[in-house]
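Chains as they are written, first to last, in numbering that gives the first Met the number 0: chain S, 0 to 503; chain E, 0 to 180.
Misleading hints may appear alongside valid ones.
What the hints assert, rightly or not - Here are some chain E residues pointing at chain S (derived, C-beta under 7 angstroms): (1) 1; (2) 2; (3) 3; (4) 48; (5) 53; (6) 54; (7) 60; (8) 67; (9) 71; (10) 72; (11) 126; (12) 133.
Unchecked claim - Derived Cβ-Cβ restraints for the label pairs, each shown as a range: (13) E/106 with S/481: 47 to 53 angstroms; (14) S/316 with E/76: 28 to 34 angstroms; (15) E/4 with S/189: 55 to 61 angstroms; (16) E/76 with S/455: 55 to 61 angstroms; (17) S/169 with E/82: 29 to 35 angstroms; (18) S/337 with E/12: 36 to 42 angstroms.
Claimed, not checked - Just so you have them, the derived chain E footprint on chain S, three or more residues with Cβ under 8 angstroms: (19) 94-108; (20) 111-121; (21) 145-151; (22) 192-199; (23) 281-288.
Everything labelled a hint here was simulated from the structure, so no lab data went into it. Keep in mind that this is a model prediction, so the values were computed, not measured. Virtual Cβ for every residue (Gly too), placed ideally from N, Cα, C.
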Amino acid sequence: MPIFRARVARKSWKAAASLVKSLGGRLVSLWATDRRPIDGHMAVHAAYTTAEGLAWVTLPLTDLLRVYPGVDDVFAEAVRMQRAIADLLGLVPEEHHDDRPWLRHDAWPADYQPLLAERTGRETFELPQQPYPFVPVEGDGVHEIPVGPVHAGIIEPGHFRFSVVGEKVLRLEQRLGYTHKGIEKRFEGRSPLDQDCARLAARVSGDSTVAYGWAYAMAVESAARCDVPLRAQWLRALVLERERVANHLGDLGALGNDAGFAFGLAQFSRLKEDWLRLNAAVFGHRYVMDYVIAGGVRDEPGLVLDSISRQCTEIRQELVQLRSIYDEHAGLQDRFAGTGRVAPELAARLGLTGLAGRASGQAHDLRSDFRFAPYEELRAVCVSSSGGDVAARVAVRFDETLESLRLVQAIARRLQEAALQGPIRAQTQVGSSEAAGAGWVEGWRGPILVALELDQYGAIRRCHCHDPSWQNWPLLEHAVIGNIVPDFPLINKSFNLSYSGQDL
Amino acid sequence: MWPIVLKIARTGLISESPPEAQLEWRTNAQWIQGELLRLMGRALAIRQVDAGSCNGCELEIHALSNPYYNIEGLGIRFVASPRHADLLLVTGPVSRHMRVALERTYEAMAEPRLVVAVGDCGCNGGVFGESYASCGRVANVIPVDVAVPGCPPTPVDLLKGILAAVDRRASATISTTSPGL
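Chain S on its own, in the form it takes in the complex (with noise of 0.2 angstroms):
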């Protein structure tokens, strides 16, 4: 992937910024670096998409003040990475638009900040729960719904406030943060070719683990400058088309049970479950959970690819009927259209990403926007919708599933061919000397990104972790703004954003 990194001063950090949203880019992420042990300062980083690649500006704080110009009144998916930053770094905007915590609750004070370098990461405080200031919405017959952190289904914990009147929805407020669990302080000091380090980037989000690996494995690679062999780069594709097909048949089953209709989950729960049964016996896990390593991948897959071929077949064929039965359907349709709708030009504004962002007319996916192997041969096509609506991230769903099932028989075709054999694997070592790495994946949610800093001893100093959902987390709050409260699941479903991806 196409990576650039760049140091600017404090002055140049904002015009970089306006720069790349004057010229169409986007804020991947933002976040922080203790690089005292390093270089003696903070440093805070942003990452753009631009129409060359991915742009990784630094700013070092040179002045060791710990405020930097915020970006969030030029991108204002920021704004909670800026609060996120408080909260492990102390490091805030010079003008704050949202100074509440973000990741931090209860479990550690204000005053400590776990990403710095003299913390171990292993201190417990007992502190009392804090009351969370929500913004209040006052007026005649309005009323608030708390729900969680613990839901009614089988999903992960965050709380969400409605403000209603009636059953119309106001206004909805996240807070999220609760599965925080300390993910980036456990990368600290290790070394990148530590297994369990590997392991640990692999569980940011359980639903993306291929992308994730393959990030971090990316980013490692970049860090020691080694190639990965080309068969190695195919066999990744091929778990990656894997995983977002996985993931795909199973929400679009999800989808049509939020809507009433029980049909569909168990049509499309039978699709995954034979999906993942043939990922236990090529690749020996059902959702091919550390088999990206550095510098490769783990090993040969174990079943003639023949078999993936014929699966595909099978399942495009079903894929098409099962189609046509949710189309037809006036009760689903009743529920898909319209509901939830992200108008594009508010996906542009906001930034919004990945399959939301394409089903709100962002037609950017890094498979088809950037020349590397092995999309660029295979010719990924970016799918789009310009509805916005459940209705259309049902139908990118639908598409992309078809378009992946043609990418993974067009993969293991290509596998058997003799231009593809060779190794699976390339020696990776990391020197002792400082370093820097960035692994960025078209996950099935949207891009991941995975930054990784090396100290001189060549050890990890920060390892950040970045998921989409942190950009589309705001725009699911406008998103259900006028809907009925009972369409907030069926809404929440059609992202299907991770909450220990953002919570970390």
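Since chain S is already given, all that's left is putting chain E on it; use the hints.
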């Protein structure tokens, strides 16, 4: 309408017999059903709580409801309230932010209540361990009857763990041995 009926008819019944030696399992399951009825007076109701997992375990818990494992066919169902639940299925290392919510969920359950910790994280904290943000294994926060290892445990293992918890409590009640961790 007709395409749906046709699709259902063509798909047929695909639910599988539960794992390993089928006959033995069947007998066991029926015996457990009897014990369940004796103990709880009804089928088993499960309340699932994600106390900080990576959501991998949730994928497999969802899979239990697919037509292959058909957990409802065994008389086991997932419920929305801890007050309706006999068994608490907990995933993840318990994040410090979820500790109180987990304790309250546990407290809200009526006795006799069972707790099954799910996954390597639930068993021993997994890759996340204990830290400023994580309490580690589920047993560090609430009493656990059975812990199911795996990352994530397969649906078959989950089923075994759930039934083992019921079995354990049943035999503990009969022989009045003290339930340990």
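Here's how the hints hold up against the structure:
{"no.": "1", "hint": "1", "verdict": "violated, 10 angstroms"}
{"no.": "2", "hint": "2", "verdict": "holds, 5 angstroms"}
{"no.": "3", "hint": "3", "verdict": "holds, 6 angstroms"}
{"no.": "4", "hint": "48", "verdict": "holds, 6 angstroms"}
{"no.": "5", "hint": "53", "verdict": "holds, 4 angstroms"}
{"no.": "6", "hint": "54", "verdict": "holds, 4 angstroms"}
{"no.": "7", "hint": "60", "verdict": "holds, 5 angstroms"}
{"no.": "8", "hint": "67", "verdict": "holds, 5 angstroms"}
{"no.": "9", "hint": "71", "verdict": "violated, 11 angstroms"}
{"no.": "10", "hint": "72", "verdict": "violated, 12 angstroms"}
{"no.": "11", "hint": "126", "verdict": "holds, 5 angstroms"}
{"no.": "12", "hint": "133", "verdict": "holds, 4 angstroms"}
{"no.": "13", "hint": "E/106 with S/481: 47 to 53 angstroms", "verdict": "violated, 38 angstroms"}
{"no.": "14", "hint": "S/316 with E/76: 28 to 34 angstroms", "verdict": "holds, 32 angstroms"}
{"no.": "15", "hint": "E/4 with S/189: 55 to 61 angstroms", "verdict": "holds, 57 angstroms"}
{"no.": "16", "hint": "E/76 with S/455: 55 to 61 angstroms", "verdict": "holds, 57 angstroms"}
{"no.": "17", "hint": "S/169 with E/82: 29 to 35 angstroms", "verdict": "holds, 30 angstroms"}
{"no.": "18", "hint": "S/337 with E/12: 36 to 42 angstroms", "verdict": "holds, 37 angstroms"}
{"no.": "19", "hint": "94-108", "verdict": "holds (count 4)"}
{"no.": "20", "hint": "111-121", "verdict": "holds (count 5)"}
{"no.": "21", "hint": "145-151", "verdict": "holds (count 3)"}
{"no.": "22", "hint": "192-199", "verdict": "holds (count 3)"}
{"no.": "23", "hint": "281-288", "verdict": "holds (count 3)"}
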